[in-house]
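> The residues making up each chain are set out below.
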Amino acid sequence: MKRILAWFESRLSLRDSVGPMLMHPIPRGAAGPMGWFYVFGSASMTLLFLQIFTGILLALVYVPTASQAYESLVYMNYQQPLGWFLRSLHYWSGSAMVFMVMVHMVQVYLHGAYKYPRELNWLTGVGLLLLTLGMAFTGQVLRWDADAYWGLGVGASMAGRVPLLGPAIVDLMLGGPIIGADSLSRFFALHVFVIPGMLLGLLGVHLWLVIKRGVSAPPAPGKVVDPRTYQEDYEAELHKEGVPFFGEALLKDALFSSLTVIFVTVLAAVAGPKGPGALPEPALLGADPKPDWPFWWLFALLSLSPPAVETFIMLVFPVVLIAMLLLVPFISNRGERAPSRRPVAVMSVIVIVTVLAILTYYGDAEPWSPHMSAWSGDVMPINLVKKGTPLQMQGMLVFQNKQCRNCHALEGIGGRRGPDLTDVGIRLTRDQLIDQISNGTPGGGNMPAYGKQMNPAEMSAVVDFLGSLRPSGQAPAEPAAIGKP
Amino acid sequence: MSHSPTQTPAPAEPGRRNFLQWITFAVGAVAAAVVAVPIVGYFAGALRKGKVKQVNLGPLASFPVNETRLVTFNSQLGQPWDGMAAHMGVYVRNLGKDTHQKDQILVFAMNCAHLGCPVTWFPQSGLFMCPCHGGVYYENGDHASGPPPRGLFKIPPQLKDGELWIDAPFLPTLQNTFEKPAKV
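Heads up: the sequence lines are chains S and B, in that order.
Quick note: the first sequence uses the numbering used here, first residue 33, plus one each step.
Quick note: the second sequence uses the numbering used here, first residue 38, plus one each step.
FYI, nobody ran anything at the bench for these hints, they're computed from the structure.
Watch out, some of these pointers could steer you wrong.
To be verified - Simulated DEER-style distance windows between Cβ atoms:
1) E200/B / T421/S: 47 to 53 Å
2) D140/B / T386/S: 43 to 49 Å
3) L287/S / Y79/B: 30 to 36 Å
4) F56/B / S290/S: 55 to 61 Å
5) R54/B / P52/S: 34 to 40 Å
6) V138/S / N55/B: 51 to 57 Å
7) G229/S / P75/B: 20 to 26 Å
8) M230/S / P75/B: 53 to 59 Å
9) A512/S / Q138/B: 40 to 46 Å
10) N55/B / G229/S: 53 to 59 Å
Stated by the list, open to error - If you want the footprint, here are the derived chain S segments under chain B, 3+ residues with CB under 8 Å:
11) 86-99
12) 151-160
13) 177-186
14) 204-210
15) 347-355
16) 422-436
Even glycine gets a Cβ: it sits at the ideal position worked out from N, Cα and C.
Looking at chain B on its own, in the form it has when it is part of the complex (with noise of 0.2 Å):
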């Protein structure tokens, strides 16, 4: 720019010169805007919330009272082609009927608090296990030892007819959990 006062011609005519330069740059930031805002809004479509799909994990009747099972499903939050890695698991634990009658049921997701690995539940010892770090868990959920940082996530059963539903579940991390309402 101002270093090239030779190729210049004498500024008779600046007015045009500095009308070309800025609506360059005008033009030029629009140009950059309409290819930006797709791409943005395209590769942020990762974060909007999908329709929530439900997962019917069988009738209450098939749980036991006071046993922890992991019942297995395949995720249709994801894509049709996830393959094998759409086939995850939760554990229920039946806890039987409280003084209301009312049932109650625990429902774990199935990966650890610390860094999400899957955890093992072992009814010997009644504890879940993580083969990652060791974290540890008793029957309820609640962190036993190791380094988690808090206990299992619970998901949110559903009864429906005798039947028991959840949503199904995402990935869940320590600030994205199924106990308060869905992220931003």
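In isolation and in its complexed conformation, chain S is listed as follows (with noise of 0.2 Å):
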């Protein structure tokens, strides 16, 4: 056995190359209990592998093509034993990949670590966090569903805006002049080729710079980092008591990345796979297209962004917030590293991951959505249709039929893109109503003048069912007195 090993060493020679590599010493303290910080980057790392893993299994059985994609999914998730399993496990853990990812960056981010000499760790790292984002997106149009096909509608729609380029913009990104096979292909190709390639290689650099600058020490008060002393102290601190990578650390990654494929082969287990949705047909209409998670904050931003300003946010918005991701290590790049030495860094950490998590919830929720069938589907609160007069009921059937519901409310229910009209009667009289309804949202806002839309019969009765919106005991919008002269 010994002579095996060794007639492979004598030829491959790991010991001179690997074996450093593996026992490069780190600090002392990274292998100590500070080093569950540590763990999130190799977990990252370890999801990336399921997902080449589970993505080749997946190939295995998945048709690239918009005419059989869908049905190979379905395939996938009733008949292909443990089909199912595979979609769900590839689609859950490359969530946790990207959730991790950004565990990962903040955690970098908290502690210093970006600062000299690790300049390059973090502008990788920030390549890496793009291409992760990149696999999410384009993963998810192989989902070739509705919100797939829509969603590469909107991609379009959004590309398209760019000042001259847009149009061929659209055509190189869609293969073709509308959205189908060749879009497909393309980003299946980008999916399965192109971005993984990407990031392997990446990754390659991202490690390699971990191996050659080292492990950053966990942050102490008062420990600044100055370019012309760092590596010098660092490398005296690991001469003195640094400990080989190949320990306790690697211990400490092998357990939390062990943990994360548990969590997430159950999660998978449980939650079971993702769509597909819808059928990706066009002429079926009502699409509403959403994004996964990882863009609900971005399809928020977006959303709620007045369509002014919108332009501006879909295009420059994105290259600003890379720009200013990358510039992150140049702006600090010596002094304190520990966290309660930096209040700006952790306050800025708590407003934007609270500002992303807000936005998340709104990209989940859609109040900006009409909602399409409220205007045949939702039912009418029965207290209202109790205390109604004819005329009253009469205007309930007309909100019903021109499609008000679609986008208002009542007693919570219907659409939440304009204000819930449940006590619309205290807040507007009669005269304003009418108004409101007849020329809409001045100046093309939010709400269609109806003016044209409605006969006079039908206005009168919308009016009247919503004037009498009120809770019980409240009176009716009075217009506002008029000072007597």
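Make one complex out of these two single chains by using the hints.
Quick look at the structure:
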């Protein structure tokens, strides 16, 4: 046995090359209890390998062609043994990877580990984050359902707004004049060849930097980074009390990664695969495409932004955001690393995470989308019906039949694009109601002008109905009293 | 290059070495070009305008005057293996004859002018509504409310022997519509 190993070693010379990498010393602190903060990067990498593995398995059955992709996904869900589980695992482990990469990034930021001399680690890390998000987006397209189809439509419509180049970008993105087979093949190539290749290449550079620049010691208040002395101090510390990476640190990584894999597997088994959703058939209408969760915050930001600035937010804002991320290690390159001495850094993390969480919540709730079937499907609250006069009942019908309900809820049921009208009677007078309905929001805002969409009888019925919408005992809205001259 | 003087034998034959370097660059550039040109050409093939495909929407007589109808068809603009993604539709509104006895027809792409989602026609209120961000249009395609920066995309109708035809619609975007001649 020993002789066989020696035979290989004499040819591969691993002891001189890989050996030092595994045994490279890391700061003692990073191997201690603080070492638990260092596990997120390796867990992200573990999930990447799980993604590659499950992705290859999915590719054995998935048909990357517009006419068959949906069927092959349904086949996997219901007929291919454990196909549902592999699809589920690929989705949930991919989601976990996005999450883990972000956690890793926050940890690195809070511990100031991106400061001198690890600027390149941060830059490659930003690249890895973007590529991971790229995988999430392209992967969603491969789930060739209505969300994928119309998601491409939305993406193309945004790209089409690029000055001058827009139409060409749309054609290159879709691979032709319509969303179809060529579009799917393109995103398949991106998801399966291009982005994974870039991801692995950049990961190689990232790991090379981790080994060459070494793992940063856990931050200590008062221990500042000074580019003139940092390298010397770091090496002296390693020399004095460094411990090999191949030891307790690796054990922590391995344990956490294993727990992550178990968690993801259980999650996949319990939660099941995502989609495919509605058929990717444009003639079916009614689609309301929603991106996967990593993009909900952006989705919400775009949807909530006023039309006047949304082209800017679509096209320029992402560039600004990426540029800001890339600039981080150059804006604060030295000084304190401990979070307790970096209130601005801690504060920005809290603010950014809170903003992202709120936007993500809104992205999931989509209050800006009308409910297209509310007019025909949502019930009229019973107590409104019970106290309604015949004219008001007529108004209810008008309210439903003119699709008002698609945007206006009653007692919380219905669309949420416009205000809930449950007690509009105490807010608007009869004249104000007529004005609002006839003219909509002035200047083409959120509500269309219904003046020509209703006849006078319908208008008086719906106004009578809306005026009656008041909590019991509350007086109707009255015109402001005008003082007598 | 300059940092390896020890390996360079005395510059006895600078001419030959320079020549080899020069020829390597040149041949390398040619190699890159002969590979790159067809690759770029292949990739840019998506920009090429294919042949115009016509779609028959049916006899004009089948469209009642002053009503809006969704007509669905299988687009031939893409690939034969597009599957159901090719099954799309347009809205047709027959406005009847004008004072010169000429038929007035409106054909709208189904895509919202905001971000391309499919609008739904509601005859009860006479409005097109978009499910994504609440863009609303009037029956003539004009913008009524919501975020769209313009009205619905109009497709020029063609009448041949009483049949309504259009050029199969591509995915319209703000700078690439059916109203102006095809883009560059």
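> Now look at each hint and say whether the structure bears it out.
The hints, checked one at a time:
| no. | hint | verdict |
| --- | --- | --- |
| 1 | E200/B / T421/S: 47 to 53 Å | holds (52 Å) |
| 2 | D140/B / T386/S: 43 to 49 Å | violated (59 Å) |
| 3 | L287/S / Y79/B: 30 to 36 Å | violated (48 Å) |
| 4 | F56/B / S290/S: 55 to 61 Å | holds (60 Å) |
| 5 | R54/B / P52/S: 34 to 40 Å | holds (37 Å) |
| 6 | V138/S / N55/B: 51 to 57 Å | holds (54 Å) |
| 7 | G229/S / P75/B: 20 to 26 Å | holds (21 Å) |
| 8 | M230/S / P75/B: 53 to 59 Å | violated (23 Å) |
| 9 | A512/S / Q138/B: 40 to 46 Å | violated (55 Å) |
| 10 | N55/B / G229/S: 53 to 59 Å | violated (37 Å) |
| 11 | 86-99 | holds (count 3) |
| 12 | 151-160 | violated (count 0) |
| 13 | 177-186 | holds (count 4) |
| 14 | 204-210 | holds (count 6) |
| 15 | 347-355 | violated (count 0) |
| 16 | 422-436 | holds (count 3) |
Hints 2, 3, 8, 9, 10, 12, 15, counting from the list given before, are not met by this structure.
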